[in-house]
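**Q** In case you want the letters, here they are:
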Amino acid sequence: MTFSGARWTALGLFCAAAAAFWQATKLSRWGFDGPGPGLYPQVIAAICMALALLVLALDRGDPAPVATDDDEAVARYDLAGPQERRTFHIYLLALVVLVAGSWLAGFIVTSLAVTIITMRFAEGVSWRATLITAAIIALAGVIVFSWLLQVSLPEGPADLAFRALLRQGGLL
Amino acid sequence: MEGLLGGFATVFQPATLMYCFIGVFLGTIVGILPGLGPLTTIALLLPITYKMDVTSAIIMLSGIYYGVAYGGTITSVLMRIPGEASSVVTCLDGYEMARKGRAGAALGIAAIGSFVAGTIGVVAVSYLSPPLSRWVLAFGPAEYAMVMLAGLSLVTYFSSGSRLKALLMAGFGLLLGAVGSDPLAAAPRLTFGIFHLTGGIDLAPLAIGLFGISEVLSMVLRKKEKMQVLAPPSSLLGFMPNREEARRSVGPVARGTVLGFIVGLIPGGGAVLATFLSYAVEKKLSKHPEQFGKGAVEGLAGPESANNSGTAGAFVPLLCMGVPANAITALLLGAFMIHGVAPGPTIMERQPELFWGVIASMYVGNVMLLVLNLPLVGLFVKILDVPRAWLAPIILTVCLIGVYSTNSAAMDVLLAVMFGVIGYILRRYGYDLGIVILAYVLGVIFERSVRQALAISDGDLGIFVSSPLTITFAVITAVLVGLAFVPRKRAPGPADAAIAVAEVSQVK
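For the protein sequence lines, the chains are A and B, in the order given.
According to our numbering, the stretch in the first sequence is residues 1 to 172, in order.
According to our numbering, the stretch in the second sequence is residues 173 to 680, in order.
Pulled out of the complex, with its shape left as it was, chain A reads as follows (with noise of 0.2 Å):
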């Protein structure tokens, strides 16, 4: 039996599930009075862990990805050129920095380390205007968003310089 990729991620499926019900087993089942908290995610942990293994038996195939009512089909991964192939790759460093920055950096300056890698590294746009759009999203970012919409983001050293620049400046 060779294992495609669509194989590949029924058993993660079925491994979640599993992992789900083995979690679920820890708490009980029925209490004094009615159903205990475990009953509930035990079913259908249970039913996705079945479903799961039928998923892997019958997926024969290389599906293609669905359009749903609300979005058009996934370009796939395995079809792109090498320079798609390259840019993806780019974007899935841009995403491991918004979550990094986002817990060390602040808001401004994940914004900004997002847009030059995207704009800059994955997309070629030239490094003038990359670095205006970068600041102009962290700006408005920050107008909109923090201070007009009273929205909170993620601080950092960069952010609360900006708001000391404001507090200087009467603004906050």
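Among the hints, erroneous ones may be present.
Derived CB-CB ranges, DEER-like [stated by the list, open to error]:
{"id": "1", "chain 1": "A", "residue 1": "Leu104", "chain 2": "B", "residue 2": "His511", "range": "29 to 37 Å"}
{"id": "2", "chain 1": "B", "residue 1": "Met190", "chain 2": "A", "residue 2": "Leu160", "range": "28 to 36 Å"}
{"id": "3", "chain 1": "B", "residue 1": "Pro547", "chain 2": "A", "residue 2": "Leu93", "range": "39 to 47 Å"}
Note that these hints are calculated values from the structure, not bench results.
Ideal placement from N, C-alpha and C gives every residue a C-beta, glycine not left out.
With the hints as your guide, set chain B onto chain A.
**A** The following block gives chain B in isolation, referenced to the frame of chain A:
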């Protein structure tokens, strides 16, 4: 009538009117941009509405949903590229009309048909909702659980691709909804020792990851192509259909409106199915079926109307029963819940300003869309010139803001990225992710209903088949789940056709 007038009073407050406008305007833009669907946009904007009052938030998000149907028409007619899947059928005859020099008439018929259908759909929502809500009030936990189970089964039945995979995704959606504190006993579940997960997985990281981030990854792999656009008319008169075209549109608009609304009510039915059914009906009824695909007015007017009334129809189960008909209304249900509002039969009595405000906003939004769409077509088409290089970092930044702002937690950003990558892989291998969101949102209510029913019956499963209603829903569920194990032998479904047309259009 009083309630509706109160709703209009809510909508005509300047701030609410502005949010309604923002919603329909964004919806139109999203409908135009291929790849950026209403699900992604609503998911991205959901956390930003946390600070807004609930009525404005729901009005804006609903505006995006029904605005998309208008926007998708523009690219379908002028470029043969459906901005979103429910506009696919419009490509067939709308684009052919445009090629014959009737682009203005095609856009005009689509806009007027959409307006008529959307408005009639909203009228139907206003009149159907009160009696339906009264009926649903009599439901016990077992009835509720079975309605939701039947609804989920219908959604998996109508999903594109493998139904078995759709069932699996429904299971995973329910499982993801079970992560965190148990809704009745508050015991932490499925947290794997991660403290952050005791609060559960929030809708924002899940939806933004599965749709926003996975869409960016998919977008990157598509080739950059310069799109060819047929010229829209330069004056408003150019959008007017001639007498013959207007005469041929009346019947299809009327039929499409009724058909679309009924299909919209059915969980999983959705706008895509409504448009394809309407196209099939019009072709069947036409004296000249050979003209279909070559610029038949009926092939444009019927599906466009069905698309819009279907969108209105999907609000009925959401508002009256608290059961979403598709993934987008599931996100809207999530938005309601985030604001502490539980849509359902009692919403009309407890929060009439919200219920009628949302309905009144749909009347107003439809007028806004008609006024926006015809004169601004040229401007909207220019949006397609925005290159991916500029669009992607904006989407990623909005993802970061949307996800982080939910709990001010970087852990949510990690979760969103993980769901983004997983979502990309799942979509690649033919799994329908809309069902995950639908099941996730329904999960909490479903579990509560199941457990309450079992507690009442002291564990006797017979409670789920104890009344004619529960038996009916149980039979529907059993048949639909059973069909998931039967290999599909039918012709490709609507979404499969959507892919096909989209691919053909890109080749052309």
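**Q** Is 39 to 47 Å right for how far apart the beta carbons of proline 547 of chain B and leucine 93 of chain A are?
**A** Distance hint for proline 547 of chain B, leucine 93 of chain A holds at roughly 44 Å.
**Q** Tell me if the beta carbons of leucine 104 of chain A and histidine 511 of chain B are separated by a distance inside 29 to 37 Å.
**A** Check passed, 32 Å falls within 29 to 37 Å.
**Q** Cβ-Cβ distance between methionine 190 of chain B and leucine 160 of chain A: within 28 to 36 Å?
**A** 33 Å, holds
Checked against the numbered hints above, the structure breaks none of them.
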